[in-house]
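Protein chains: 2
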Amino acid sequence: MTKEEEEEKLELPKVLRAKKKELSEWYHQILFLADIVDIRYNLKGMNVWKNYGYETMLNLKRYWDYVFKKNGLKELYFPQIVPIEYCEQNPEWWSGFKEQGFKVIAGEKDEIQGALRPTGEAAMYPMYAMWIKTFRDLPLRAYETVSSFRYETRHTRPLIRDREITLWHEIHTVHATKEDCLKEAQNHIEYYKQLWDFVAVHPVIVDKPGWELFPGAIGGIEFYNITPDGKAMENGSVNILGQAYAKKFNIKFKDKEGKENIGWQVCTGNGARLLAAALIQHGDDKGLVLPPNIAPYQVVVVPILFEKEKEIIMKNVEKLKEMFENAGIRVLLDDREETPGRKFYDWEIKGVPLRAEIGPEDIKKNQVVIVKRNDGKKIAIKKELFISEANSLLKTIQEELLKKSQKETAERIGYADSLKKMEELLEKGKCVKINWCKKGECYDRVKAVKEGAEIFGSDYYEKKKGRCIACDEETDNLAYVAKTY
Amino acid sequence: MTKEEEEEKLELPKVLRAKKKELSEWYHQILFLADIVDIRYNLKGMNVWKNYGYETMLNLKRYWDYVFKKNGLKELYFPQIVPIEYCEQNPEWWSGFKEQGFKVIAGEKDEIQGALRPTGEAAMYPMYAMWIKTFRDLPLRAYETVSSFRYETRHTRPLIRDREITLWHEIHTVHATKEDCLKEAQNHIEYYKQLWDFVAVHPVIVDKPGWELFPGAIGGIEFYNITPDGKAMENGSVNILGQAYAKKFNIKFKDKEGKENIGWQVCTGNGARLLAAALIQHGDDKGLVLPPNIAPYQVVVVPILFEKEKEIIMKNVEKLKEMFENAGIRVLLDDREETPGRKFYDWEIKGVPLRAEIGPEDIKKNQVVIVKRNDGKKIAIKKELFISEANSLLKTIQEELLKKSQKETAERIGYADSLKKMEELLEKGKCVKINWCKKGECYDRVKAVKEGAEIFGSDYYEKKKGRCIACDEETDNLAYVAKTY
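As you go down the protein sequences, you meet chains A and B in turn. For any residue, its number in my numbering is found by taking its place in the first sequence, counting from 1, and adding 228. For any residue, its number in my numbering is found by taking its place in the second sequence, counting from 1, and adding 228.
Chain A on its own, in the form it takes in the complex:
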């Protein structure tokens, strides 16, 4: 999509499109209306994070920092320009990015200085090779959060396919043995499950088809979220690199006997797509529905003002705000000179989990009226119980959103035991689970059924006895078929 087309799609300031009917338009509009990003920055695939969106994303980032560091991963930072000679140490890797690569020039003669990092390997591994000398230096377990740059020629879509992929994290670990390497991959999967829980979205976890692995890798696990239209969004991958990259980048270590060995590696990465998954999963026709964990404001306090009682109501809402702050709840007091209706509308678009209202009636009754954004339920709570109730409501909302996501993800996936049934389900906008024997020719036959739909992986955990949908061979492997983002 060109920048102009993207802008047209916004059709501001019209009312938000219905999410169910026009998901793609809804997504573009809500990013703008809820102040997540501004796409009017005049470069394709490069957008401005507005404050509300950025704070939401930073809550997620802070959580991955917490999870990674708690588990002993060390945060590092590598320069964003990668020397070409580093890139060329792994020609296969580099050729994969050459066309999609931004290069950086400078100086009087516009000499090439390097590549703008498409991903971290080529920046990091030459340094890893310097740092790792003996078995004592292993495991090396590190990560960084930084932008990645891809000169995408396909349609771009904010947070989903950007040319500057902002707030992208990469974990890169090196181990002495294959066993340690495989164990580490399991750790990364566990960290990612925590991130998915944090945004209250239920992912599908798959084994990559062998031919889609990084060149030389010995395994790859990918996370996908299934959107309401049955499409699958790749959303985080754990790549068991084995020794392929270590060989290219010369990551070697002396073992206890002084013998030289090659390191075993895992690399794992994801970023703002996690947020995109949450926005798309939880939002509704009124706007965003943010999980309390990532909401910049977990509660918005709205005074219902009448001239006569203005002073006492303002005193009460200010006190309420203070109570929230003291309880560690992120709160905003909306004291703008707007009608309550206007304020409700604004904060519904932005998806604030709880709205607390205080009007003259509530003061008489010594209560606060609270409205849950996710289901619109209105609850009157006595003031003295308020903080504990608010805390438990936030927890409840987080759980409700996750349960809803689990349920809906299951509903978005249908099982087919024939290509005909598979096609029907795809037509209905479902993601389809099939038995598949893992052979390339059967992959191709499945892919030929419906344009754009293909196998994106095999369920990492679930097995089911059956016959390959294409060749009828017995197999317990379950694969997923869908259009992908």
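I should point out that these hints are in silico values taken from the structure, not numbers from a laboratory. Heads up, some of the hints might be wrong.
[To be verified] Only pairs whose alpha carbons sit at most 20 angstroms apart, straight line, appear in this in silico DMTMM-like list of lysine to aspartate or glutamate:
#1 B:K297 / A:D563
#2 A:K289 / B:D293
#3 A:K297 / B:E303
#4 B:K297 / A:E550
#5 B:K536 / B:E553
#6 A:K326 / B:D338
#7 B:K326 / A:E339
#8 B:K331 / A:E539
#9 A:K302 / B:E553
#10 A:K302 / B:D266
#11 A:K289 / B:E303
#12 A:K298 / B:E553
#13 B:K514 / B:E669
#14 A:K484 / B:E565
#15 A:K361 / B:E553
#16 B:K337 / A:E546
#17 B:K272 / A:D338
[What the hints assert, rightly or not] To spell it out: a stretch of chain B is covered by chain A in this simulated footprint if at least three of its residues, at any positions, have a beta carbon under 8 angstroms from a beta carbon of chain A; those stretches are:
#18 262 to 276
#19 300 to 309
#20 520 to 527
Don't be surprised by glycine CBs; every beta carbon is placed ideally from N, CA and C.
Please arrange chain B on chain A, whose structure you already have, making use of the hints.
Structure of chain B alone, referenced to chain A:
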């Protein structure tokens, strides 16, 4: 300096050079030995943040996030590539960066995509122009933390002059009136004072000479730290842009009467130089001395092990570590299989503020021996008093470091009332304070005295009656003369 020369300077693994005698070498060595940055990344002026250095820097960054947000500044993020047409909206600004600019190319024909951001104005202000329509949209008070890129042709020096300037923050605000704009500049000065206190370094605050202001700006305040050799390091600047940039970038607003007005702007920025100032100010011949506020570990616990009592000592140090953690003190238990001496050495290089030792004698006496990194004082503390004592010691160290910095900064500055005396003081490695009438010709005469030494600004607060050191005219303006970084 070339990369090779830089590497040579490290002369690893020899012992750290004496800081007083060879400050520049000491600085290069300590960055490497204390795991702050690794300069072996093969691009001039681009270095890898190692974990210890990065965590130190992130503690500082977290604090500026805290200060800025507490004061209502909103964090944003703008793409790192700036469209050339945005740059060209302010030709004066752009021409200043053209030679030092990195440009980004991509696509089959290597088309120019934009400039790699040298600083934020050209990326931000075209968006500001879209966001600001009426007086209701003002003030706009925002900041971002992001890398800046300069193709420096001069010697580079890690954290001080880099080609990728990492963890750089920029505050950009827009106001309806000049008065608001000037008031905001004062706010920024106050925020910066808090950052300087946080790293326990005493800055010199100056008014920029008029001809060094940003083109069209109406004022500029700069922070400098004075290093032990009497040199001045520019370290943060508050630029009162007035309306100059707003005119170029079309930042206009309708006032209450519907009349169109031009916005008033302040932009303010700094980054890792603050850390460099702290490392240089506090370090000694044994290594770094980190202020507790930014130290990744505020305490390192070292068990003094003898085979017989090993178990009970380990139990005690582990409990101690837990106590620290529960008290919110950042702690590391060094349980490596190394001698205590080796551990002391390592953590002295890294500048951990407190070292806590427990040996068999201490267990008998129910005490912990604590050593302050900044002055080497050894204190035995009864175990039950330990946490409160440790907390108060950390506070004390922070204060001691700041006081020492205030005292030493004062000692590094001498006053001269003649050019001859000024020259003598400069020869002695002092920064020199002089009376200066603010005229350009007198500036030139001062500059001619000693190569490399020049007036870098006038004291922002202090006035003193006297006569211009060059023309003998009466003036109460006090200027600073030094070699600058």
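(request) Of all the hints given earlier, name the ones this structure violates by number, lowest first. (result) 3, 5, 8, 13, 15, 16 and 20
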